[in-house]
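The primary structure of each chain is shown beneath.
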Amino acid sequence: MSERLAVRKTYKLFIGGAFPRSESGRSYVVTSSKGDFLANAARASRKDARDAVAAARKAFPGWSGATAYNRGQILYRIAEMLEGRRAQFVAEITAMGGVGVKQAGEMVDATVDRLVWYAGWSDKIGAVLGSANPVAGPYFNLSSPEPTGVVAVVAPQAGPLLGLVSVIAPVIVTGNTCVVIASERAPLPAITLAEVLATSDLPGGVVNILTGSAAEIAPWLAGHMDVNGIDLTGADAESAVTCEELAAENLKRVLRPPAGPVDWLADPGIGRMTTFLETKTVWHPIGI
Amino acid sequence: MFEYAPAPESRDIVDIRPSYGLFINGEWVEPQGEERHKTVNPATEEVLAEVAWAGEADVDRAVQAAAKAFPVWSAMPGAERAKYLFRIARIIQERARELAVLETLDNGKPIRESRDVDLPLVAAHFFYYAGWADKLSYAGFGPDPRPLGVAGQVIPWNFPLLMLAWKIAPALACGNTVVLKPAETTPLTALAFADICRQADLPPGVVNIVTGAGETGAALVDHPGVDKVAFTGSTEVGRLIARSLAGTRKKLTLELGGKAANIVFEDAPLDQAVEGIVNGIFFNQGHVCCAGSRLLVQESVAADLLEALKRRLGTLRLGDPLDKNTDIGAINSAEQLAKIRELSEAGEAEGAERWSPACPIPDRGYWFPPTLFTGVAQSHRIAREEIFGPVLSVLTFRTPAEAVEKANNTPYGLSAGVWTEKGSRMLWMASRLRAGVVWSNTFNRFDPTSPFGGYKESGYGREGGRHGLEAYLAV
Chain A
0 MSERLAVRKT YKLFIGGAFP RSESGRSYVV TSSKGDFLAN AARASRKDAR
50 DAVAAARKAF PGWSGATAYN RGQILYRIAE MLEGRRAQFV AEITAMGGVG
100 VKQAGEMVDA TVDRLVWYAG WSDKIGAVLG SANPVAGPYF NLSSPEPTGV
150 VAVVAPQAGP LLGLVSVIAP VIVTGNTCVV IASERAPLPA ITLAEVLATS
200 DLPGGVVNIL TGSAAEIAPW LAGHMDVNGI DLTGADAESA VTCEELAAEN
250 LKRVLRPPAG PVDWLADPGI GRMTTFLETK TVWHPIGI
Chain B
0 MFEYAPAPES RDIVDIRPSY GLFINGEWVE PQGEERHKTV NPATEEVLAE
50 VAWAGEADVD RAVQAAAKAF PVWSAMPGAE RAKYLFRIAR IIQERARELA
100 VLETLDNGKP IRESRDVDLP LVAAHFFYYA GWADKLSYAG FGPDPRPLGV
150 AGQVIPWNFP LLMLAWKIAP ALACGNTVVL KPAETTPLTA LAFADICRQA
200 DLPPGVVNIV TGAGETGAAL VDHPGVDKVA FTGSTEVGRL IARSLAGTRK
250 KLTLELGGKA ANIVFEDAPL DQAVEGIVNG IFFNQGHVCC AGSRLLVQES
300 VAADLLEALK RRLGTLRLGD PLDKNTDIGA INSAEQLAKI RELSEAGEAE
350 GAERWSPACP IPDRGYWFPP TLFTGVAQSH RIAREEIFGP VLSVLTFRTP
400 AEAVEKANNT PYGLSAGVWT EKGSRMLWMA SRLRAGVVWS NTFNRFDPTS
450 PFGGYKESGY GREGGRHGLE AYLAV
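Residue numbers (numbering that gives the first Met the number 0), protein chains in the order written: chain A, 0 to 287; chain B, 0 to 474.
Among the hints, erroneous ones may be present.
[What the hints assert, rightly or not] Below, computed lysine to aspartate or glutamate pairings styled on EDC-like, alpha-carbon distance capped at 20 Å:
no., chain 1, residue 1, chain 2, residue 2
1, B, Lys421, B, Asp221
2, B, Lys338, B, Glu352
3, B, Lys134, B, Glu79
4, A, Lys57, B, Glu79
5, B, Lys37, B, Glu2
6, B, Lys405, A, Glu82
7, A, Lys101, A, Glu82
8, B, Lys309, B, Asp270
9, A, Lys57, B, Glu274
[To be verified] Only part of the chain A face toward chain B is listed, based on derived beta-carbon distances under 7 Å:
no., residue
10, Thr198
11, Ile269
12, Thr280
What the hints contain is simulated information worked out from the structure, not anything from laboratory work. All C-beta atoms, glycine included, are put in the ideal place defined by N, C-alpha and C.
Could you build the full structure based on these sequences and the hints that come with them?
Shown next as C-alpha cells:
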C-alpha cells in the first residue's frame, strides 16, 4: 500500500471574520528557508485592503463599546486558543527557518504570555492614563482614554508570531479595530493566528489579516481616509516614508518604524497602546 | 437696550517700540535680511510697529542658540527650572494689564477677554507647569523621563500670548529649549515675553523668538537641529508639516481646526444654553479652533431657542476693543475678514438664511457682525468648513442618535457641547461624541490642569495637564 497523500491546506485572507481568497485571484509561493515549497498564500490587493477597512470600521462601534472586562476576557481567550495550537505554531515557525524547535517553542510561549499580559491591560489603561483634573472653578472635569478607530498595522517581517501578536494585541485591547499586513516571507503563522482569532469569541472584523506584499498594500492603507492610525513597525525604510507622507492627508496617528532591531521578548511598555489612544476630557458644572 | 458711556482702557500703559529685532540667545539681534513687516491694530488699521522677518539664516542662528543652551537647561535641577517658571508667572501677573492692552491692540480682541480670560490663563499655565519641573518622575512616564532637545514651536494669531504659554511652559518644565515663531499678524506680546525672559534672568538661548510668516515657520519646522515640532493652526498647514516631517525622528504634536457641534436638548435650561451658545461662537469673534460653530438644536425647542438667541444677539456690543463694554472686537486681519465674508456668501448662495442683529460697524478696521444661519444642511460649506469668525450655523435634530450622527459628521474632532439636565443622557452623548473636549452645560472653558486636543483631523497630542508633558518628553 502506498504512503498516504497529505492533505495540503489552502491559505486565505482573514476579513470580517471570514476567510476569503484574494479578490484579485492572486497567490504567491511560500517557501522554507531551504527553498522547499510550503504553501500558496493569498496575495492581497488594494480591493482586499479596502474590504478589510470596511470590515474594521463596521466592527468598531461594537468592539470599542464593549466593556473592558469583556475585551480582556476575549484577549485571554485568544491566549487559550493559541496555547492549544502550540504544536502547529512551532512547526510553522521552524519551517520558516532560523530557529530550532526549542526556540520556536519559547516564542510561542512568549506569545501566549504577551496576550495574557495585554488582556490584563483592558480595564487598567483607563486608570493609568485617565485623570480627574482639579480645574480652578466649579466644574467636574475628567479625562479618559478612548480608542482612535481603525488602525492599519504593518507587522514585522521577522518574528512571524511573537512580533505579529505584539503589534496586534496593544491595538485591539484598548478598543481599536485593525487591518494587519502579515510578514510577506513568513505568513503561515499569521493565517493560523487568524484561525485562532476566529474561534476566540473575537467579533468578526476586529482583526483583519492580509497576506501579500506590504510594500504594495501598505500605501493604500496609509492613504485611506477611513483609517485613523498606522503602525509602520514592519515597513521598510523607503515604504515607511511614503506611508508617513500619505498618512498626513487625514492626520493619521503614526507609529514610526523602530530605529533598530526590536527585541520582541523585552517588556513592551505602553507606547504601542498610547499611540492609538485619544484623550477625551469632559467638563460639567457643579451646582445645585 | 441700555445706553452705556464708553469705558476705554488706557493704552498709555504699553510702550510699543517702533521697530523690533529677533530675540536670539537672550539678545535682541537684527535679522540678516532687510525685510520687515508692519503689524497693525485691526480695529483702526493703525501701524503699531515694524517687526523683522526671519530668514533661514536667522532661524538657524536661533536653533543653534537653543541647542547650545539645551545641555545647561536640561541638566539644571528641576527645582531650579521651576523657580524660573514661577518667576515668569509672577512677572506676567505683575504686567498683566500692560500685556492685556498690548494683546488687544495687536489682535483686536475685546479688552474684557484679554484681561479676564487670556492673561489669567497665561499666568496659570506657567504656574501649573512650573510645579511639574521638579516632579517629572511622578508624571507616569517612568522614573527618569528625558527632554527631547530643541522644540520648534509655531503658534496662531487668535490667542497669541496664551498659545505661547501653552507651548513654552511645558517645554521648559521638561528641560527642553525653545525657538518660537509667533503669528505674522500678532507678534507683539511674544516680543514682550522675550523681555519678560530677560527680566526673569532666564539663561540665554533657552527661549528664542523669531518673527515672520509661513516661510519662517517652515524653515523652523524643517531645521535639522529641531527635535520636536509643535504647531497650532489650520488643518491645512498641519497636514503640510506632518508630510514634511515624514521619515524624520522629530516628535510632532498638532492642534488644528474644528467645527464643533453645540447640541441643545429640549430639557436644557434654555437661558443658560443661549449664554453658552453665545460664548461658544462669539467669544473672541469666533476666532477659536474649538468654537461651537454648529448649533444642533432639538426640533421641539428650536423656535423658542432661536427667538431667545436672536434677542440675546441684539444686546451684543461690537466696536472699540479697548472699551470695557465691548463684546465683539475686530477681525484680526483683512485676509481673515475676506475669508469670513466668502464663506458667509457661500452660505447664502447655497440656500441658508442669514441673519444679523442691527449692528453699527465702525468706519475703519476689520469688522464682521455676529451672524446666524438657519435652514442649514449638513452638506453646506458653512456646516463643513471652519469659518473662524462670528458665524453660527443652526441645524436641528429629533433623537439623541441623530444628534450624535450629525455632530460626528465632520472630519474634525476637537470639541463639542451638550446641553441637557439629564446626567445619564449627557454621559451617553459624551461617550459617543468623537471629540477631544466635551463641554456639558458650559462651553469654551480652559484650565492648565485640563488636557486639550483633538480627534481625527483636529490633530494629535494634548496640551495641558499631565498629558501635556508627553509632547516634550522622550517616552
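Verification of the supplied hints:
1. B:Lys421 / B:Asp221: violated, 49 Å
2. B:Lys338 / B:Glu352: holds, 19 Å
3. B:Lys134 / B:Glu79: holds, 12 Å
4. A:Lys57 / B:Glu79: violated, 52 Å
5. B:Lys37 / B:Glu2: violated, 36 Å
6. B:Lys405 / A:Glu82: violated, 45 Å
7. A:Lys101 / A:Glu82: Holds. A:Lys101 to A:Glu82 sits at ~15 Å (cutoff 20 Å).
8. B:Lys309 / B:Asp270: holds, 12 Å
9. A:Lys57 / B:Glu274: With a Cα-Cα distance of about 38 Å, the restraint between A:Lys57 and B:Glu274 is violated, given a limit of 20 Å.
10. Thr198: Nearest chain B Cβ about 31 Å off; hint violated.
11. Ile269: violated, 9 Å
12. Thr280: Nearest chain B Cβ about 5 Å off; hint holds.
In the structure shown, a violation is registered for the earlier hints numbered 1, 4, 5, 6, 9, 10, 11, in ascending order.
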